[in-house]
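Colleague: Spelled out, the chains give:
Protein chains: 2
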Amino acid sequence: MVERSFPVPIDQRYFEDYVVGTTYEFDDTVTVREKDIVAFAEEFDPQSFHVDPDSAVHGQFGGLIASGWHTTAVMMRLLARHYLSSVASLASPGVDELRWVAPVRPGDALRLRATVVESRRSRTKPDRGIVRTAIELLNQRDEVVLRLTAMNLLAARSVLPEGTDGSPGPSA
Amino acid sequence: MVERSFPVPIDQRYFEDYVVGTTYEFDDTVTVREKDIVAFAEEFDPQSFHVDPDSAVHGQFGGLIASGWHTTAVMMRLLARHYLSSVASLASPGVDELRWVAPVRPGDALRLRATVVESRRSRTKPDRGIVRTAIELLNQRDEVVLRLTAMNLLAARSVLPEGTDGSPGPSA
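Chains A and B, in that order, are what the protein sequence lines are. Its first residue numbered 1, the first sequence is counted upward by one per residue in my numbering. Its first residue numbered 1, the second sequence is counted upward by one per residue in my numbering.
Hints in this document: simulated from the structure, not taken from any laboratory. Check before you lean on any hint, since a few could be wrong.
[Unchecked claim] On the chain B side, residues computed to face chain A include the following (Cβ under 10 Å):
(1) F49
(2) S67
(3) T72
(4) V74
(5) M76
(6) S86
(7) S89
(8) D96
(9) P103
(10) L146
[To be verified] Computed footprint of chain B on chain A; a stretch qualifies when at least three of its residues, placed anywhere within it, have a C-beta under 8 Å from a C-beta of chain B:
(11) 34-46
(12) 85-94
(13) 98-104
We treat Cβ as the ideally placed atom computed from N, Cα and C, and that holds for glycine.
Required output: the full structure, derived from the provided sequences and hints.
Modeller: Shown next as structure tokens:
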């Protein structure tokens, strides 16, 4: 089941709202312009195929491509705008299996697909939990350009898991 | 054995020059200023603890911290400046086990440690190979702030592995 929007507004979203198995695809896109690619790469990744359009034409990619770290930054922009709670996000321990699957070129319009793959409440700090999310960034031809698994530490709405907070549970 | 510089200049460095087991530590640092942290995060990761110094003081980190994607971008800047060949780097398939181990704060001076962990010539395209590098970014107190394993596709100097290019080998 693919959802087009999150059922809970981003500023009211907590650990409990990330339900394993749900996939979100957001229509909003970020268009990566040539000047964005060059500006980012001049500061952080000045390889010729990221900063020099003329030499890049004769290179293996046949033109300028975005730094992979620029692509991850664009992914984060969409994640912060649509998926990651603006009130409950505490930190990220890291990401796994990050793959730059296809080049990002000037004019590409990127969008986000996110699937909740694991949700685990902290045993030592039950006011929070870790959510693992399989993330894909897609271009305007629906090609995946970036894939990774993110970990996010999120505050919980309730200190206790549902059903253990004193309210009558199914077996009460 | 920790080396302070690469034996081969960056513009003459090829696949064969990345020798498994060698660790490089480069003295050069990048200092991350508060305005850099805020500018990067306003564009890509506008969470309050990255963009708002006043609210960040009362947050869990006790002050502003850099976006993790800003930290990876700084890592790439040092990698491109000191480690990754400027003539033989073809692409990167991705990275594994990326971990933001400690916060990066305004004024932190970051430097690079890189260990070649695997080097494998392509079977299908013997003019290139994949190098896996364990990377750490350290701050001015020698604390690791970022850890990841990078993969880089690099052009080889010689199409054939050493000892198979027709020159007399040790057993000739």
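Colleague: Was the hint right that P103/B lines chain A, CB cutoff 10 Å?
Modeller: With a closest approach of 9 Å, the P103/B hint holds.
Colleague: Taking the closest Cβ pair, is S86/B under 10 Å from chain A?
Modeller: holds, 7 Å
Colleague: Is the shortest C-beta separation between S67/B and chain A less than 10 Å?
Modeller: holds, 7 Å
Colleague: Tell me if D96/B is really an interface residue toward chain A, meaning its C-beta lies closer than 10 Å to one of theirs.
Modeller: Where the cut-off is 10 Å and the nearest Cβ of chain A is about 6 Å from D96/B, the hint holds.
Colleague: L146/B was flagged as interface toward chain A. Is the shortest Cβ-Cβ separation under 10 Å?
Modeller: With a minimum Cβ separation of about 9 Å from chain A (threshold 10 Å), the hint on L146/B holds.
Colleague: Against chain A, with CB atoms and a cut of 10 Å, does the hint on V74/B hold up?
Modeller: Holds, because the Cβ-Cβ distance from V74/B to chain A comes to roughly 7 Å (cut-off 10 Å).
Colleague: Between the region 85-94 of chain A and chain B, are there enough contacts, at least three residues with CB-CB distance under 8 Å, for the coverage claim to hold?
Modeller: With 7 residues in contact (Cβ-Cβ under 8 Å with chain B), the coverage given for the region 85-94 of chain A holds.
Colleague: Min Cβ distance, T72/B to chain A: is it shorter than 10 Å?
Modeller: Since the shortest Cβ distance to chain A is 6 Å, the answer is holds.
Colleague: Using C-beta distances, would you say chain B covers the region 98-104 of chain A, given that this needs three or more residues below 8 Å?
Modeller: holds (count 3)
Colleague: For the region 34-46 of chain A, does the count of residues with a C-beta closer than 8 Å to a C-beta of chain B reach 3?
Modeller: holds (count 5)
Colleague: Would you check whether F49/B satisfies its interface hint, that is, whether its CB is within less than 10 Å of any CB in chain A?
Modeller: holds, 9 Å
Colleague: Using 10 Å as the Cβ threshold, decide whether M76/B counts as touching chain A.
Modeller: It holds, given that the least Cβ distance between M76/B and chain A is near 5 Å, below 10 Å.
Of the numbered hints listed earlier, not one is contradicted by the structure.
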